[in-house]
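Protein sequence lines correspond, in order, to chains A and B.
Sequential numbering from 1 applies to the first sequence in full-length UniProt numbering.
Sequential numbering from 1 applies to the second sequence in full-length UniProt numbering.
Wrong hints could be hidden among the right ones.
[Unchecked claim] If the Cβ cut is set under 8 Å, some of the chain B residues that face chain A in the computed set are:
id : residue
1  : 207
2  : 266
3  : 270
4  : 272
5  : 313
6  : 325
If you are wondering where the hints come from, they were derived from the structure by calculation, not from laboratory data.
Where is the CB? At the ideal position from N, CA and C, for every residue including glycine.
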Amino acid sequence: MKLITAVIQPHKLDEVKSALEAAGVRGMTVSEASGYGRQKGHTEVYRGAEYTVDLVPKVRVEVLVEDGDATTLAGVVVSAAQSGKIGDGKVWVSPVEDVIRVRTGASGPDAL
Amino acid sequence: MEELNFGATAWMLTSASLVLLMTPGLALFYGGMTRSKSVLNMMMMSFGAMGVIGVIYVLWGWSMSYGADVGGIFGNPFDQFGLVGTIYDENGEFLIDSFGVPGIVGVAFQVTFAIITTALISGAIADRTKFSSWMVFVAIWVTLAYFPMAHMVWGGGLLSGDGPFASIAAPIDFAGGTVVHINAGVAGLVLALIIGKRKGFGTDPMRPHNLPLVMLGAALLWFGWFGFNAGSAFTADGTAGLAWVNTTSATAAAMLGWLLTERIKYGKGTSLGAASGVVAGLVAITPAAGALNPVTSIALGAIAGVLCALAVGLKHRFGYDDSLDVVGVHLVGGLVGTVLIGVFATDTGLIFGGGLNQLVVQVIIALVAIVFSGVITAVIGLAIKATMGWRVPEEDEVRGIDLSEHAETAYEEINS
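Construct all of the structure, not just a fragment, from the sequences and the given hints.
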């Protein structure tokens with residue numbers, strides 16, 4: 001099993017969610033995140049004092065998938081989240097040792 | 001014995017209530033501007049002033065402001081201690097002033113001014129001041145700085161129409177340019193210097209954590225200020241109406257002036273700038289609300305909006321941490337309003353052919369207010385520094401003063 005983690009622009013969440021649902025994904029975890037990459041931050045001015053805000057709001061989407069689906073689904077996320085501008089985010093895939101469904105105690109791919 | 005004027009009395013009770021609302025409004029205005037870890041402490045400094053001064057005022061505050069004169073500087077605190085002799089005449093009837101308003105209603109109106117003036121100072125020393133030291137400071141400062149200043153300007157003392165400068169021209173401070181704003185502004189500057197900078201001032205970002213609170217606070221201040229300025233007519237008449245309209249036209253112009261300054265300097269007009277411009281305009285028109293016309297009020301407001309917007313940058317240039325710009329807004333706005341009365345006053349101002357006398361006397365009362373407030377505040381501030389100390393430990397300041405001073409946090413998570 002794999003964990004797909006995507007840190008994306010907040011306004012792209014709906015498109016990513018729809019695309020994953022259309023690709024057969026039945027669950028995901030979404031959380032608010034903040035950070036920066038090459039985009040760096042932005043400047044805010046309060047009573048003339050300029051502040052560089054380097055941590056900008058992002059959304060983190062996490063999806064557990066079977067090994068064989070990981071590459072395809074990561075691609076689905078990338079194409080749905082892409083605007084071509086700096087700050088679009090990142091998607092990475094990491095191996096997962098085990099997954100257990102809390103309600104039934106089932107583990108492994110059955111728990112997905 | 002004066003006859004009771006019901007209209008005037010009703011308006012003065014309303015005005016007193018409006019001005020009292022300004023202090024919780026100030027708590028929101030200041031609270032939104034602090035970081036999220038110190039908003040409760042900031043708001044508690046305003047509420048604390050309401051607690052301390054609400055008690056002190058009826059004990060010796062009124063008497064020191066309006067009691068029997070001592071050397072033109074202050075009223076005798078024992079003359080009407082506990083409001084004995086303020087409320088009833090010898091027959092047990094309510095005393096009525098020359099406007100047909102009971103004396104006790106005057107007390108209601110004036111206590112609210114003492115509270116807001118002292119609460120204004122707290123913005124200069126946000127995020128780092130021991131709550132106990134603040135509460136002690138409030139009691140001493142209002143006694144030694146505010147009551148005497150109110151007496152000097154409004155209670156028949158040195159800076160009033162009965163004082164020595166009145167031979168040049170009668171000083172004009174309609175609702176508190178010297179007593180309230182210069183007084184609090186200077187005190188803020190002096191305390192900021194004595195207490196020192198917040199850790200990270202000038203290097204760490206110290207963004208306002210909740211601008212909607214700031215906007216709400218500014219709105220409440222504007223609303224309450226109608227009691228402050230129109231109530232300072234002491235009756236419900238044309239002067240009150242003039243003060244109301246002048247207050248609004250000056251404040252509107254000041255907001256535009258601040259926004260325009262920001263737009264030119266930084267490319268954007270900000271909500272914090274709009275809220276700050278509102279307060280700058282309210283401050284500037286305060287001493288002048290009864291002496292200008294609505295059009296000259298626009299000019300005064302616009303000048304105040306631009307100058308205050310520029311003045312808030314001074315703390316970064318000179319390196320004093322007047323955290324929420326009490327100096328830039330209240331001292332500068334108070335000076336602009338007090339001094340420019342000499343230019344714009346409808347009867348005696350320079351542009352209306354009144355000559356320089358009014359301008360000279362306005363500069364004099366502003367300077368006296370600066371020196372008086374500066375000296376008294378320095379003495380109190382240094383005395384507290386040497387005894388109780390002003391600052392919370394550095395680790396508490398970093399972790400958040402809400403937690404260390406009040407054992408509370410405003411929000412579930414502390415972000416900054």
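For each hint, the structure was consulted:
A distance limit of 8 Å between C-beta atoms decides the matter here; for residue 207 (chain B) the minimum to chain A is near 6 Å, and the interface restraint holds. Hint on residue 266 (chain B) holds. Least Cβ distance to chain A is approximately 5 Å, under the 8 Å limit. Interface restraint check: residue 270 (chain B) against chain A, minimum CB-CB distance 7 Å, threshold 8 Å, status holds. Restraint check, residue 272 (chain B) versus chain A: the minimum CB separation of about 6 Å is within 8 Å; hint holds.
Interface restraint check for residue 313 (chain B): the shortest CB-CB distance to chain A comes to about 5 Å, inside 8 Å, so the restraint holds. Using the Cβ-Cβ criterion of 8 Å, the hint placing residue 325 (chain B) at the interface with chain A is satisfied: the shortest such distance is roughly 6 Å.
In this structure, every one of the numbered hints holds.
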